[in-house]
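*Asks:* Using the sequences plus the hints, can you model the full thing?
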Amino acid sequence: MLPADCSRRLVAELRDALDACAERQRQLERSLRVSRRLLRTWEPAETPAPQPTPAPETSGEAPSPESTPSSQDLKELELLTQALEKAVRVRKGISKTGERHKALSLKSGSAATSATTASAPSRPSGQASCRVSETKPPRGIQQTVVPARGLPESRLLSVGDRTHMGRGSRATKPGPGPRDQQIPPSAALQAPEAFTLKEKGADVDCWLPQPLWKPCSGLEGGSPQSAASLSTGFPDRILLRLPMAYRKAASRNSRLWAQLSSAQTSDSMDAAATAKTQFLQKMQMTSGGPGSGLSAAAVEAEVGLLRTACLLLRRRMEEVLSADPADCMQEYRCLLTLEGLQAITEQCLHRLQELRAAVVGRQLGPWPVGRRPGASLPCGGGTDPLWSPQLLLYSSTQELQTLEALRLRLAMLDQQIHLEKVLMAELLPLVGTQGPHWLALCRAVHSLLCEGGERFLTVLRDEPAD
Amino acid sequence: MGRRRRRVDRGAAVGALPEAIAALSRTLPAGPSPEIFRRAKFDRPEAAPALWQLLFRVLSPLSADGASASPAQEAQVRAVKSELRSQGYPRQALAQLPEDGSQGSRELLLALAWLLARGPLLERLLAQTRVRLGDEIPLCECEALARPGPPVPRVEADGPVDIRHLQWLMGKLRFQWRKLITSQQEQCALLGKIHSYTRGCHSDRSLGHLSVAETELLRDAEGGQQLLRRLESENVCLEAALRWRRQELVFWRWMDTVLGTCPPEASQPTFVPRIPERGAGEWELVARELQALQEELRGAAEPRRAAWEARVGGWGPEWSAVQRASREAVGLELAALQRAWERGGAAAQPHGPCRLVKSDAGASGGPGLRAAQVIEVLRSREACLEAVLCQLQRQCRQELARLAGALPGLIWILPPGR
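Chains S and B are the protein sequences, given in the same order.
So the first sequence is numbered by numbering that gives the first Met the number 0: it starts at 0 and just counts up by one.
So the second sequence is numbered by numbering that gives the first Met the number 0: it starts at 0 and just counts up by one.
Simulated from the structure, these hints should not be mistaken for lab results.
Heads up, a few of these hints could be off.
As the list claims (entries may be wrong) - Capping the alpha-carbon separation at 27 Å, the derived lysine-lysine pairs in DSS-like fashion look like this:
no., chain 1, residue 1, chain 2, residue 2
1, S, 275, B, 178
2, S, 281, B, 40
3, S, 85, S, 74
4, B, 171, S, 420
5, S, 74, S, 91
6, S, 420, B, 178
Please read these numbers as outputs of a predicted model, since none were measured by experiment.
*Replies:* And the structure:
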């Protein structure tokens with residue numbers, strides 16, 4: 000048994016570490032839920048009646064998860080796609096004059112065949128929506144599902160997701176015939192159309208009201224509710240578009256952030272900066288508090304810097320010690336480096352003592368709570384902080400996985416190093432004093448400190464043979 | 000003529016100040032009206048509660064993020080006082096204000112101005128509550144550390160525990176990390192899929208595909224509305240911040256007058272500081288490390304110096320020039336090393352959250368970091384940390400061997416190496 004105060008501290012540290020890990024796990028689970036939901040395919044719903052009430056529960060999740068479509072459903076899907084095709088042809092006839100609509104319908108003509116939208120029950124609402132769309136010609140309500148450029152069907156099967164894959168491939172099987180015919184003409188049109196659609200700045204917000212989402216809300220004009228149909232799990236590349244209002248807001252947002260970051264350096268800023276420093280100085284002079292300007296937060300930051308310093312110095316020392324000096328000059332340089340490192344270490348120690356004196360002797364406030372003393376290499380943050388995130392380009396999922404795995408490994412190593420130091424500080428003195436069950440303690444401490452708790456050593460009593 | 004111009008100037012200034020203050024309070028969370036500021040200059044008590052709340056929201060940004068209802072007045076007052084003290088707020092008068100939050104509006108105004116003057120407070124606050132439109136990963140952990148998680152109510156283990164309990168906790172921790180890594184890999188796979196499926200859908204060409212938040216926006220109209228609202232309100236705050244930046248000079252001149260109305264304080268020691276365990280523990284660890292390093296360096300340098308002196312003892316003056324050159328070179332190297340930690344060394348390291356964008360490998364020369372480079376940097380950091388951990392474990396092994404060697408008659412069979 001360990002002494003009480005030692006136990007308390009160690010258990011607290013380990014529980015802290017567990018809590019930090021659990022917090023990460025919670026956040027990750029949240030993101031996973033969202034991502035899984037997005038990729039889950041929309042099953043054929045059980046009941047045909049589309050719910051007009053905008054109940055959020057019905058709008059979101061598919062009511063019956065993970066049911067595979069039967070052949071009956073597939074037949075209905077095929078009928079649905081044919082109905083949509085027909086609707087599109089009718090629309091094409093109506094809107095022959097507008098060339099924009101022509102482009103749209105050409106696209107959707109090819110695409111609607113592969114618009115394997117959700118289910119038979121959606122057929123009545125689908126037709127209703129088509130009628131709705133006909134009454135609102137300027138709102139090009141079309142589903143644009145563009146088949147993947149030149150990618151063969153096999154691409155569908157190579158993606159490893161079983162649940163939506165099975166459905167996706169089966170669902171699109173009924174429709175390869177008409178689609179194949181349509182692919183060649185549409186393929187040629189894809190590239191320019193993809194971008195002409197976008198360049199025509201008007202609100203070509205595409206959505207097909209789904210029974211699982213709020214179909215009646217689609218009737219409200221002017222709302223940026225282009226919940227474009229994420230049909231059966233992205234079997235192909237889908238050309239969705241974000242609502243105009245969102246796009247405007249997002250671009251304005253990034254522009255404002257850029258302005259804010261660049262506003263740091265301008266003439267008016269200099270005048271304000273001098274006014275600020277003058278104000279701070281005046282405040283310091285007229286107040287009765289600690290005159291040195293040292294605060295607990297600053298002390299903590301400096302201690303952190305000194306920890307980094309120690310690490311860097313040690314790394315340098317090991318480099319020097321492991322290098323084989325080839326000639327006198329290099330030997331001399333090694334010697335000088337070592338002595339220089341020694342001098343710097345002494346400076347750091349001295350500074351640490353000063354900080355200690357400052358904390359004890361002066362009127363510094365309570366230590367800032369809640370901040371874990373971790374981070375082997377804290378970023379100073381001294382460089383210009385970028386207030387809005389920069390881009391990180393990755394090229395494949397493996398790369399992303401490697402990146403994330405490395406990041407997590409760094410956090411784990413950080414934590415391990417911190418725990419190692421704490422355990423060393425607490426447990427080694429205990430081993431030094433021989434108490435009862437010393438051997439068991441020694442063995443346990445060895446495994447905790449030297450093997451990360453993963454392996455154990457064996458102790459044999461060497462009895463002299465009789 | 001001059002007098003008229005002066006009057007016009009003052010008139011303009013009078014109009015500019017409320018505008019500036021209005022811009023400021025629009026940017027801050029729970030910002031009070033300019034009238035409150037004006038009353039605070041004259042230390043009116045009715046202005047105090049609003050300012051206490053403002054300071055509380057500003058100083059404890061994320062925990063008071065609406066999840067937990069704002070605590071009672073006394074708790075707020077205490078939290079504000081302690082946080083300001085730990086940041087080094089110089090004025091004593093704040094610490095002496097009553098805890099019911101009914102007085103001291105002028106002092107609070109000064110505190111707010113002090114916080115604003117010291118650093119980019121507004122930008123930092125806005126960045127913390129920024130609407131995240133993309134899939135972001137933080138490249139360094141400094142944000143994660145600075146933001147404490149929600150305090151978990153923990154039952155303190157009061158009594159002494161067996162070391163096996165510690166071993167169990169360590170094992171649990173290892174297992175949790177393994178679970179975390181697998182979940183993370185799954186999330187990456189899903190993200191990759193979503194990014195590649197939505198390629199070509201984003202209006203911003205440099206991004207090229209939608210993020211999870213944007214795809215979610217398309218799928219869930221209700222949530223999309225919420226996101227849009229948050230985005231728009233953030234835009235309003237950003238515009239207010241820009242207005243503030245243009246007009247803040249007026250505010251600082253006014254704050255000078257506010258400071259002028261305060262009587263100067265006499266220097267007086269008030270309380271005995273306490274050093275809580277954590278802070279002291281950290282200090283101890285660093286001190287011990289530095290001392291150990293110093294010992295090692297001394298042990299390495301002294302014999303070399305002795306050997307060198309013995310060898311070089313009689314060498315001539317032409318050596319001294321060479322020696323001086325070496326000394327200078329080494330001096331420069333060490334100075335660069337020192338700068339590396341004094342400046343935080345962050346220049347070379349990627350810092351801050353990054354938005355993930357999936358793009359083909361051929362896209363070079365565009366803005367943004369490349370994952371391959373970041374992976375290299377992270378790998379080198381990993382090697383560094385592993386070296387540190389190995390070295391610590393080696394130290395422990397030596398120490399334990401020394402302690403165990405005291406007892407003869409035992410054979411220690413180490414576990415098979417990695």
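*Asks:* Does each hint fit the structure? Answer for all of them.
*Replies:* Hints versus structure:
{"no.": "1", "hint": "S:275 - B:178", "result": "violated, 50 Å"}
{"no.": "2", "hint": "S:281 - B:40", "result": "holds, 17 Å"}
{"no.": "3", "hint": "S:85 - S:74", "result": "holds, 17 Å"}
{"no.": "4", "hint": "B:171 - S:420", "result": "holds, 19 Å"}
{"no.": "5", "hint": "S:74 - S:91", "result": "holds, 26 Å"}
{"no.": "6", "hint": "S:420 - B:178", "result": "holds, 25 Å"}
Going down the numbered hints, you'll see the structure goes against just number 1.
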